[in-house]
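This is what each chain is made of:
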Amino acid sequence: MTDAILSCSGISMDFGGVKAVDDFNAVIGKGETVGIIGPNGAGKTTIFNVFSRIYIQTAGTLAFNGESVDHVDQVGMARRGLSRTFQNIRLFSGLTVLDNVKVPLDYKGEYTMAEAVFHLPRRNRMEKAVAEKAMQTLELLDLAKYADSSATALPYGLQRRVEIARALVSEPKLLMLDEPAAGLNPEEVLQLVDFLKEIKSKFEGIALLVIEHRMDLIMNLCEFLYVQNFGRTIAKGTPAEIQEDDAVLAAYLGEENI
Amino acid sequence: MNSYQLGLIMNSCISVIQVMGVFIITSLAGMFSLGQASFMAISAYFTFILARSLDLPIILTAIVGLGISALCAFIIAIPTLKLRKDYFALITMGFGEMISAIVVMCEKYTNGSIGYSRIPKVEHIFWLILAITAFVVYFAWALKRSRFGRMCIALKTDETAAKSFGIDTYRLKIKVFIIASCISGLAGILYGLKNRVITPDGFSWNLSAEMQIFLFFGGTNSLTGAVLSAFLLKLLPEMFRSLELFGQSLQVYRTAFYCVLILLVINFRPNGILGEKEFSITTVRRWVSRLLGRKKAEGGQDD
Ligand SMILES: Nc1ncnc2c1ncn2[C@@H]1O[C@H](COP(=O)(O)OP(=O)(O)OP(=O)(O)O)[C@@H](O)[C@H]1O
Ligand SMILES: [Mg+2]
Chain X
27 MTDAILSCSG ISMDFGGVKA VDDFNAVIGK GETVGIIGPN GAGKTTIFNV FSRIYIQTAG
87 TLAFNGESVD HVDQVGMARR GLSRTFQNIR LFSGLTVLDN VKVPLDYKGE YTMAEAVFHL
147 PRRNRMEKAV AEKAMQTLEL LDLAKYADSS ATALPYGLQR RVEIARALVS EPKLLMLDEP
207 AAGLNPEEVL QLVDFLKEIK SKFEGIALLV IEHRMDLIMN LCEFLYVQNF GRTIAKGTPA
267 EIQEDDAVLA AYLGEENI
Chain P
-7 MNSYQLGLIM NSCISVIQVM GVFIITSLAG MFSLGQASFM AISAYFTFIL ARSLDLPIIL
53 TAIVGLGISA LCAFIIAIPT LKLRKDYFAL ITMGFGEMIS AIVVMCEKYT NGSIGYSRIP
113 KVEHIFWLIL AITAFVVYFA WALKRSRFGR MCIALKTDET AAKSFGIDTY RLKIKVFIIA
173 SCISGLAGIL YGLKNRVITP DGFSWNLSAE MQIFLFFGGT NSLTGAVLSA FLLKLLPEMF
233 RSLELFGQSL QVYRTAFYCV LILLVINFRP NGILGEKEFS ITTVRRWVSR LLGRKKAEGG
293 QDD
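As you go down the protein sequences, you meet chains X and P in turn.
According to this note's numbering, the first sequence holds residues 27 to 284 in order.
According to this note's numbering, the second sequence holds residues -7 to 295 in order.
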């Protein structure tokens, strides 16, 4: 399948007897927005960790952009164009907001250590380009005024946004967001939805995979949903279909709906 | 300045170079090496023995000496840096002890524990050491401000996150360790040129630990803090050498003094004196103006 950016079949992840993910199958098309929902401990984050190769699945196969990536490690996956945020914010504490956002561009920096040390022209040119690009991304997220603040000193909501900026700056083919709305107030959630839609128009062909608890966000944003419970997919379909699904209503949307 | 005072300054400069080596390993890349003194030994012994036995200029053999330090660092790094951080600290410490033992064993070349003293005299050693110190500090500063510095700090704070942004942390760590070991080697060669004698004891575990203490004292992520503390903590105990306490030179209490210092720092400033901050003209100006402001306020009270 050439128009899928990521596809997996039969993915399972065992942690010494705990089946965190059990036989997960998914296809994410280029430019698509897909959501994963499910209660706590359903294995959502584990799916992300397998996709980004922090964990290597215990069964199943994974393909990215038409290429099998079962043998690829975390670094290789990032370099192929998969980028993510973390549920428990993981900004680099010794760096400013701007430097945090520069980091994903650094591995492909073209200047050598000697050029870096002697401040040769190419180093200065590259550094300027990287700073500009990082700054543009910060502006996109309305973070420009925090560029020189220490990243981990910012309030929680802003840190989440910096995480998104950092994941976006390398212009990934697939951007994975792990509970981007956690800890945000309703107004901020609306902003986030608008912003994510803006990303889709600005970065042509970017696919989004979003884990979320907030139904307003997921229903507004996603074209397709996977509903996970105890590691298994209990339903999949468009948001409208999912809202009608009895199994989902029972397992996830809460008893009060029934 | 008399030659004793020049000597003290040279010692402090060499201490700064040593600490720049561990700064790059620990403050930038978050690794902990307890064997950097052994790289001083490797470079120094190779440089001086080769210069003597092959009758080559020091500048040439120094390059070979540094190259051998780099090679050793590479060989240790390949298997060790795949393991957890604490293993790296252990292995470097073991490596340090091994090098000391080898120096003693190869008595035929190194003159064993008596020390090797066939070291040629170099003109303008003071200025040479000063210039190289300035260069090494500049090197560390430029490195910190480059993409390599950023990648290192990312690696230090969160290796998994760093990897998920495409940073090949394993290779980065190897690179960093090799560079730092060359800097340590450079300190070793200068130490030999200055003292005109090198002994295995001079490069013992104590020295490796001392570097880490100086670094830690100055600030866990502050280059200027590291430079200042490396210079001053080396210098101050020497200045008190003539003072006596309980009938013994204060110098004897140096280790105890360091320990108290470290305990105080851990308690009151867990990130070192300067922490993450850099010491700059603006900071100094701010301090001075604050101090003057306070003086003025006090003066006002007197009136
Ligand atoms: N490294 C690990 N070792 C052992 N068990 C793990 C590990 N990672 C996850 N698990 C287990 O796998 C299950 C799924 O965890 P996961 O974090 O993927 O859930 P989640 O759907 O993201 O939940 P939440 O909504 O709380 O974020 C949990 O039971 C968890 O305890
Ligand atoms: Mg989770």
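It should be emphasised that the hints constitute simulated quantities derived from the structure, not laboratory data.
C-beta: ideal position from N, C-alpha, C; glycine also.
Misleading hints may appear alongside valid ones.
[To be verified] Not the full set, but computed from the structure, chain X residues with beta-carbon under 10 Å of chain P: (1) ILE80; (2) VAL98; (3) ARG105; (4) ARG116; (5) SER119; (6) ASP125; (7) PRO130; (8) ALA142; (9) MET152; (10) VAL156; (11) GLU158; (12) ARG192; (13) ALA193; (14) LEU216; (15) PHE221.
[Claimed, not checked] What the simulated footprint calls covered on chain P by chain X, stretch by stretch (three residues with Cβ under 8 Å from a Cβ of chain X suffice, anywhere in the stretch; the number is not a length): (16) 131 to 139; (17) 158 to 166.
We went through each hint and held it up to the structure:
With a least beta-carbon distance of about 6 Å to chain P, the hint placing ILE80(X) at the interface is held under the 10 Å criterion. Taken as an interface hint, VAL98(X) does not check out: its beta carbon lies about 12 Å from the nearest beta carbon of chain P, beyond 10 Å. Nearest Cβ of chain P to the Cβ of ARG105(X): about 5 Å, under the 10 Å cut. The hint holds. Annotation: interface hint on ARG116(X) holds; nearest CB of chain P at approximately 4 Å, less than 10 Å.
Of the supplied interface hints, the one on SER119(X) holds, with its beta-carbon coming within about 5 Å of a beta-carbon of chain P, less than 10 Å. Taken as an interface hint, ASP125(X) checks out: its beta carbon lies about 6 Å from the nearest beta carbon of chain P, inside 10 Å. With a cut of 10 Å, the hint placing PRO130(X) at the interface with chain P holds, because the nearest CB-to-CB distance is about 4 Å. For the restraint placing ALA142(X) at the interface with chain P, the shortest Cβ-Cβ distance is roughly 4 Å, inside the 10 Å limit, so the hint holds.
Contact between MET152(X) and chain P, as hinted, is supported at the beta carbon level, the nearest pair being about 8 Å apart and thus within 10 Å. Against a cut-off of 10 Å between C-beta atoms, the interface hint on VAL156(X) holds, since the closest Cβ of chain P lies about 7 Å away. For the restraint placing GLU158(X) at the interface with chain P, the shortest Cβ-Cβ distance is roughly 14 Å, beyond the 10 Å limit, so the hint is violated. Interface hint at ARG192(X): satisfied, since its Cβ lies 7 Å from the closest Cβ of chain P, which is below the 10 Å cut-off.
Proximity of ALA193(X) to chain P holds as hinted, the smallest CB-CB distance being about 8 Å (cut-off 10 Å). A distance limit of 10 Å between C-beta atoms decides the matter here; for LEU216(X) the minimum to chain P is near 28 Å, and the interface restraint is violated. Proximity of PHE221(X) to chain P is violated relative to the hint, the smallest CB-CB distance being about 21 Å (cut-off 10 Å). Only when three residues or more bring their CB closer than 8 Å to a CB of chain X does the claim for the stretch 131 to 139 of chain P stand; here the count is 5, and the claim holds.
Residues of the stretch 158 to 166 of chain P lying with their CB closer than 8 Å to a CB of chain X number 4, which satisfies the three-residue condition for coverage.
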